[in-house]
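Engineer: Line order of the protein sequences matches chains A and B.
In this text, residue positions in the first sequence follow this note's numbering: the first is 7, and each later residue adds one.
In this text, residue positions in the second sequence follow this note's numbering: the first is 25, and each later residue adds one.
Watch out, some of these pointers could steer you wrong.
What the hints assert, rightly or not - If you only want the chain B side, here are some residues facing chain A, beta carbon under 8 Å, derived:
id, residue
1, Phe70
2, Ser73
3, Arg85
4, Phe89
5, Ala94
6, Ser117
7, Leu124
8, Gly127
Said to hold, decoys possible - Cβ-Cβ distance ranges computed for the label pairs, FRET-style:
id, chain 1, residue 1, chain 2, residue 2, range
9, A, Asp32, B, Gln38, 34 to 40 Å
10, B, Asn31, A, Glu92, 23 to 29 Å
11, B, Ser75, A, Arg117, 31 to 37 Å
12, A, Thr23, B, Arg85, 41 to 47 Å
13, A, Thr50, B, Pro136, 45 to 51 Å
14, A, Ser94, B, Asp55, 32 to 38 Å
15, A, Ser15, B, His96, 48 to 54 Å
16, B, Ile42, A, Glu60, 43 to 49 Å
17, B, Asn91, A, Thr85, 39 to 45 Å
18, B, Ser75, A, Asp32, 23 to 29 Å
19, B, Gly119, A, Ser15, 28 to 34 Å
Calculated directly from the structure, the hints in this document are not laboratory data.
Note that CB positions come from ideal geometry on N, CA and C, so glycine has one too.
Here's the letter readout for the chains.
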Amino acid sequence: SAVISQKPSRDICQRGTSLTIQCQVDSQVTMMFWYRQQPGQSLTLIATANQGSEATYESGFVIDKFPISRPNLTFSTLTVSNLSPEDSSIYLCSAFAGTSAYEQYFGPGTRLTVT
Amino acid sequence: DQQVKQNSPSLSVQEGRISILNCDYTNSMFDYFLWYKKYPAEGPTFLISISSIKDKNEDGRFTVFLNKSAKHLSLHIVPSQPGDSAVYFCAGSGGGADGLTFGKGTHLIIQP
């Protein structure tokens with residue numbers, strides 16, 4: 007399995023600002039994923055990030071609000087832009103890293119609170 | 025439209041007994057199902073998975089059963105231990121490059 011780390015672990019941001027979350031994997035992976043977990047809700051896929059190509063966004067998520075970078079095979083960033091209180095969530099990154107192509111391993115998450 | 029449903033928000037089980045967590049799905053395109061365990065302030069931890077062409081997969085104390093005709097799967101934990109107290113998420117995958125579709129989770133509480 008892979009070890010996935012995220013920075014920051016938590017942050018409190020003001021409305022209208024942006025937060026960039028970093029995700030680092032300890033091995034090279036083709037695909038990385040970004041999820042959001044709103045309070046009391048399930049994990050929802052935001053986008054899939056392949057190295058060397060544009061991220062693919064799920065319905066309801068747009069690049070202007072959630073720009074993603076994937077500069078190499080071990081690193082990705084997610085920016086949450088123009089923050090509003092509704093963006094207060096836990097943001098998690100993941101990657102395929104198990105014995106099968108379906109097993110995703112997750113980072114510890116970034117808890118964002120927007121005031 | 026919730027494609028993966030976990031209808032029990034919480035479940036309390038006595039230590040040593042069997043814990044059974046249930047999950048229903050509506051998307052027939054899922055060809056792989058996974059269970060994750062999550063402690064507070066941590067990311068989900070992969071537990072066990074099952075391909076849609078199988079009806080059972082076992083790994084130590086954890087067994088996942090899949091009833092494809094009923095679009096239902098269950099996770100059995102036996103015997104239950106105090107460290108099993110966590111939120112358990114069921115997830116489906118359409119395969120390949122797809123991300124995962126998660127249920128809302130079941131909070132399992134193991135009573136001493």
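Engineer: Take a look at whether the Cβ-Cβ distance between Ile42(B) and Glu60(A) falls inside 43 to 49 Å.
Structural biologist: 47 Å, holds
Engineer: Is the interface hint satisfied for Phe70(B)? The criterion is a beta-carbon contact with chain A at less than 8 Å.
Structural biologist: Cβ of Phe70(B) sits 6 Å from chain A, so the hint holds.
Engineer: Let me know if the C-beta of Phe89(B) comes in closer than 8 Å to any C-beta of chain A, holds or violated.
Structural biologist: Constraint on Phe89(B) not satisfied, violated at 18 Å.
Engineer: Note whether the CB distance of Asn31(B) and Glu92(A) lies within 23 to 29 Å or breaks it.
Structural biologist: 27 Å, holds
Engineer: Within 23 to 29 Å: is that where the Cβ-Cβ distance between Ser75(B) and Asp32(A) falls?
Structural biologist: With Cβ atoms ~27 Å apart, the hint holds.
Engineer: Min Cβ distance, Gly127(B) to chain A: is it shorter than 8 Å?
Structural biologist: 6 Å, holds
Engineer: Taking the beta carbons of Ser94(A) and Asp55(B), is their distance inside 32 to 38 Å?
Structural biologist: Distance hint for Ser94(A), Asp55(B) holds at roughly 34 Å.
Engineer: Is 39 to 45 Å a correct range for the gap between the Cβ atoms of Asn91(B) and Thr85(A)?
Structural biologist: 42 Å Cβ-Cβ, so the 39 to 45 Å window holds.
Engineer: Does the hinted range 45 to 51 Å hold for Thr50(A) and Pro136(B) at CB?
Structural biologist: At 35 Å between Cβs, range violated.
Engineer: Take a look at whether the Cβ-Cβ distance between Gly119(B) and Ser15(A) falls inside 28 to 34 Å.
Structural biologist: 32 Å, holds
Engineer: Range first: 41 to 47 Å. Now tell me if the beta carbons of Thr23(A) and Arg85(B) are that far apart.
Structural biologist: 46 Å, holds
Engineer: Does Ser73(B) pass the interface check with chain A, least Cβ-Cβ distance below 8 Å?
Structural biologist: Holds. Min distance 6 Å.
Hints 3, 4, 5, 13 and 15 from the list above are not met by this structure, while the remaining hints are.
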